[in-house]
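Add chain B to chain A, keeping to what the hints say.
Protein sequences appear in the order of chains A and B.
So the first sequence is numbered by the working numbering: it starts at 1 and just counts up by one.
So the second sequence is numbered by the working numbering: it starts at 1 and just counts up by one.
Everything labelled a hint here was simulated from the structure, so no lab data went into it.
Wrong hints could be hidden among the right ones.
[Claimed, not checked] Using 16 Å as the maximum straight-line C-alpha spacing, the simulated EDC-like pairs for lysine to aspartate or glutamate come out as follows:
{"no.": "1", "chain 1": "A", "residue 1": "Lys168", "chain 2": "B", "residue 2": "Glu20"}
{"no.": "2", "chain 1": "A", "residue 1": "Lys242", "chain 2": "A", "residue 2": "Glu23"}
{"no.": "3", "chain 1": "A", "residue 1": "Lys168", "chain 2": "B", "residue 2": "Glu38"}
{"no.": "4", "chain 1": "A", "residue 1": "Lys52", "chain 2": "A", "residue 2": "Asp31"}
{"no.": "5", "chain 1": "A", "residue 1": "Lys168", "chain 2": "B", "residue 2": "Glu73"}
A quick note: this is a predicted structure, and the numbers were derived from the prediction, not measured.
Each chain, written out:
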Amino acid sequence: MTAEHEALYPLEVEERWKAFEWELIPAYPEDPAMNLALDEVLTRTVGSGERKPTLRFWAWTTTAVILGRFQSVRNEVQIENAAEAGVKVVRRISGGGAMFIEPPLAITYSIHVPPAFVEGLSFPQSYAFFDSWVIEALRELGIDAWYAPLNDITSAGGKIGGAAQARKYGGVLHHTTMAYDMNIPTMMQILRIGQEKLSDKGLRSADKRVGPLRQQTNLPRETIIERMTESFVRRTDAVPGKVTVEERAEAEELVRTKFDTEAWTYLLP
Amino acid sequence: MHGEYKTPGGKLVVADFEVESERFRDVVVSGDFFLYPEEALEAITGAVEGLAVTSGEGEIAQAVEAAIPDGTEMLGFSPEAVAIALRRGLAS
Numbered sequence: 001m002t003a004e005h006e007a008l009y010p011l012e013v014e015e016r017w018k019a020f021e022w023e024l025i026p027a028y029p030e031d032p033a034m035n036l037a038l039d040e041v042l043t044r045t046v047g048s049g050e051r052k053p054t055l056r057f058w059a060w061t062t063t064a065v066i067l068g069r070f071q072s073v074r075n076e077v078q079i080e081n082a083a084e085a086g087v088k089v090v091r092r093i094s095g096g097g098a099m100f101i102e103p104p105l106a107i108t109y110s111i112h113v114p115p116a117f118v119e120g121l122s123f124p125q126s127y128a129f130f131d132s133w134v135i136e137a138l139r140e141l142g143i144d145a146w147y148a149p150l151n152d153i154t155s156a157g158g159k160i161g162g163a164a165q166a167r168k169y170g171g172v173l174h175h176t177t178m179a180y181d182m183n184i185p186t187m188m189q190i191l192r193i194g195q196e197k198l199s200d201k202g203l204r205s206a207d208k209r210v211g212p213l214r215q216q217t218n219l220p221r222e223t224i225i226e227r228m229t230e231s232f233v234r235r236t237d238a239v240p241g242k243v244t245v246e247e248r249a250e251a252e253e254l255v256r257t258k259f260d261t262e263a264w265t266y267l268l269p
Numbered sequence: 001m002h003g004e005y006k007t008p009g010g011k012l013v014v015a016d017f018e019v020e021s022e023r024f025r026d027v028v029v030s031g032d033f034f035l036y037p038e039e040a041l042e043a044i045t046g047a048v049e050g051l052a053v054t055s056g057e058g059e060i061a062q063a064v065e066a067a068i069p070d071g072t073e074m075l076g077f078s079p080e081a082v083a084i085a086l087r088r089g090l091a092s
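In isolation and in its complexed conformation, chain B is listed as follows:
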C-alpha cells in the first residue's frame, strides 16, 4: 500500500506499508521533510506499526504524537500529515 500527502506550504510525506490481520505492518515513512533528531523517524514508524487499520486520522496522529521524543522538531510535516498519508494508502 502506498499513500502520499503534501502539507500545504510544507513537505511531502509518503507511507508505504502492508496490511496483515487488519493491522499496519512493515510501515516505511519517507519524504522531503526535515526531522531533528533523525532517529525520531523510528519512533514515528514504530508508533504506527501494528495499529488497527480501522484507526481514524485522529487516533493515528495521537499515537505518533505520543511516541516522538521530547524536543523533536518536525519541519514541513506533522503527526496529522503522517496519519493522512497512511489513510490515503488504505484507500488506494
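If we strip away everything but chain A, and leave its shape as in the complex, we get:
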C-alpha cells in the first residue's frame, strides 16, 4: 500500500473485518428498482441484527440511470431520450452522482454493516476503509489503484469507480460502482452534463480521465469479480448467503410503494 493510501484511515481498524461474521451474496440480475429496494431492506436487517454484515454484488435486467438521493431528475437526465431508449430512471437512498448503468459494463456492489464497523472513523476515512479490499484486488490484477478522497477509486490509467453511503435504518450502507467498459455516445444521449460540471468533468476530459477496467486489465468482467470475491473472502472469511424470502417480499413491497413510484423518483424534479 502506498503512503497516500495508508494515511486515509488508522490501520488498526483493519482488524474489524475479521471481528464480524459476513455473508456474501453473489450477483443475481434484478430490476433497477429492486436493486435499490434490496439495498434499503438489507441495511435494515443488518442494522437490526437479523442479518450478518453482508456484501452483495449487483446484476441488472435492464439499462438504467441511478440518481443520487439529492439530484434533480431534469438537471441530470435527458428524460425524453431515456424514455425513447427504454432506459429506466430510478433514485437511490445514498447521495452522490448519477450512474449510467448498462448491465455488462458496470461492476456494482453494496456492503451493509452495523454502525460499530465504522465507529470512530470520519466519513472520508470510512469510505477508504470500506473499499480497501477492492484496492487490494485491483493491485493483484496489476493496476496501481488507490483511493482518492472523498469517494473515488482511481489509478494512473484513470478513474475506475465511485462510492456512496447512506446511514439509516439502524445500519450503514456503502455501495460502489466501477466502470468495466464505457459507452460514451449513449451515455451522453441520456445524461445531461451541465456547463458547471464541464468545468472539470467535460466529455473530452472525462473520456481521458476514466480508465475502465477492461482497458486496464484486458480481463473478462467475471474474472475481475472472481478476484474481488477472493480478496473479500480472504479479508472477512465471508460465507455464501442469499436474500431471504422475507427480505425479498419486503423489497418487492418497497418497489411498489417507493422505488418504482414517481413520487420518489421525482422527489427532486
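Frame of chain A, contents of chain B only:
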C-alpha cells in the same frame, strides 16, 4: 432561475427557484453532494425560502448555517456553496 456551483475538489450544488416580490421562492437545492441526515435538505431550502434577493453570499450562508441541525454532515459542499449557487441563479 437556475444557478450551479461546484466546490473545487468537491461536489456540485444546483439551485432552482423563482423570485417573487424580490424574495427567493420555491427553492429547490439539489446536487451530487452527501448530506447526513438527509432531512437536513429541508432545513437548507427552508432557510433560504423567503430571503430577500438582495441578501449577500455571506448572509445567505449564515442563514443556512443557522438552520442546519447540530450534527449535520455536509460532504463536498457547504452553506457558502449553496449561497453561491443561488447568487449565480439571480445573475443568470
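Please verify whether Lys168/A and Glu73/B have alpha carbons no more than 16 Å apart.
OK: Lys168/A and Glu73/B at ~14 Å, within 16 Å.
Would the pair Lys242/A and Glu23/A pass a check requiring their Cα atoms to be no farther apart than 16 Å?
Holds: Lys242/A and Glu23/A sit about 8 Å apart, inside 16 Å.
Between Lys168/A and Glu20/B, is the straight-line Cα distance small enough, at 16 Å or below?
Violated: Lys168/A and Glu20/B sit about 37 Å apart, past 16 Å.
Taking only the CA atoms, is the gap from Lys168/A to Glu38/B under or equal to 16 Å?
holds (9 Å)
Below or equal to 16 Å on CA atoms is what counts here, so check Lys52/A against Asp31/A.
With a Cα-Cα distance of about 24 Å, the restraint between Lys52/A and Asp31/A is violated, given a limit of 16 Å.
The structure shown violates the earlier hints numbered 1, 4.
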